[in-house]
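Asker: In case you want the letters, here they are:
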Amino acid sequence: MFDILLLICLCLIAVSILACIYRIIKGTSMPDRVIALDTIGINLIAAIAIFSVLLHTRAFFEVILLIGILSFVGTIAFARFIERGVVIERKRDQ
Amino acid sequence: MNASVISEVIAGVFILIGTLFILFSSFGIIRLPDVYTRSHAATKSTTLGVLCTLLGAFLYFWITDGYISIRLLLGIFFVFLTAPVAGHLICRAAYVTNVEIVRDTAKQRPKAEREH
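If you read the sequences in order, they're chains A and B. Final position of the first sequence in my numbering is 94; the numbers increase by one with none missing. Final position of the second sequence in my numbering is 210; the numbers increase by one with none missing.
This is chain A alone, in the form it adopts within the complex:
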């Protein structure tokens, strides 16, 4: 019963990831696509948490932290690129 509930939750998260993929393909502007990618990263965190409960293992908890950090860094880099044209700026005195 509990396993069936967890599988249903995984299917619902897969549906929401498909919705984000629709927004990435059709998105009318560049920040739309970045928001959808960030949402996919956060949905993957939830999916990994449910999957580790389903398998009853503790081995995937580092993956949750890693995907959180990598999704944040990627989103910040894309935001800086859209806003200023570069990701890492040069020093002012050169």
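There may be inaccurate statements among the hints.
To be verified - Derived CB-CB ranges, DEER-like:
1) B:A97 x A:L7: 20 to 26 Å
2) B:F172 x A:E89: 36 to 42 Å
3) B:I111 x A:V87: 20 to 26 Å
Unchecked claim - A partial selection of chain B residues facing chain A, derived with a Cβ cut-off under 10 Å:
4) L110
5) T113
6) T141
Hints were generated in silico from the structure; no laboratory data involved. We put the CB at the ideal spot given by N, CA and C, even for glycine.
Got chain A sorted already, so can you dock chain B onto it with the hints?
Answerer: Chain B in isolation, oriented as in the chain A frame:
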């Protein structure tokens, strides 16, 4: 009721609530009209859904195994801290690069436009 049934009920309720929040935010991502309303849907309710799901997993491992996972707590804290910041930066980038606003809110543009 033994401990495993209790833990399954509590974790199941939290995980189901979190998954429903994530599903509703994906409906918002599809249906809302412009970037700012979409980021409103994507940032807030997805963050709440992920927090509920991670809390359900944390309580499940706490009740069944007696295992308090610091990594899951750090994951909750980090998602709670960084998701609004990422949404803010993306929305500011969209505003600076003149992505169009839906027509009803375009009358009230922020003050930063007048200074430039």
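Asker: For every hint, state whether the structure bears it out.
Answerer: Do the hints match the structure? See the list:
no., hint, verdict
1, B:A97 x A:L7: 20 to 26 Å, "23 Å, holds"
2, B:F172 x A:E89: 36 to 42 Å, "26 Å, violated"
3, B:I111 x A:V87: 20 to 26 Å, "37 Å, violated"
4, L110, "6 Å, holds"
5, T113, "4 Å, holds"
6, T141, "7 Å, holds"
Hint check: violations occur at hints 2, 3; the rest are consistent with the structure.
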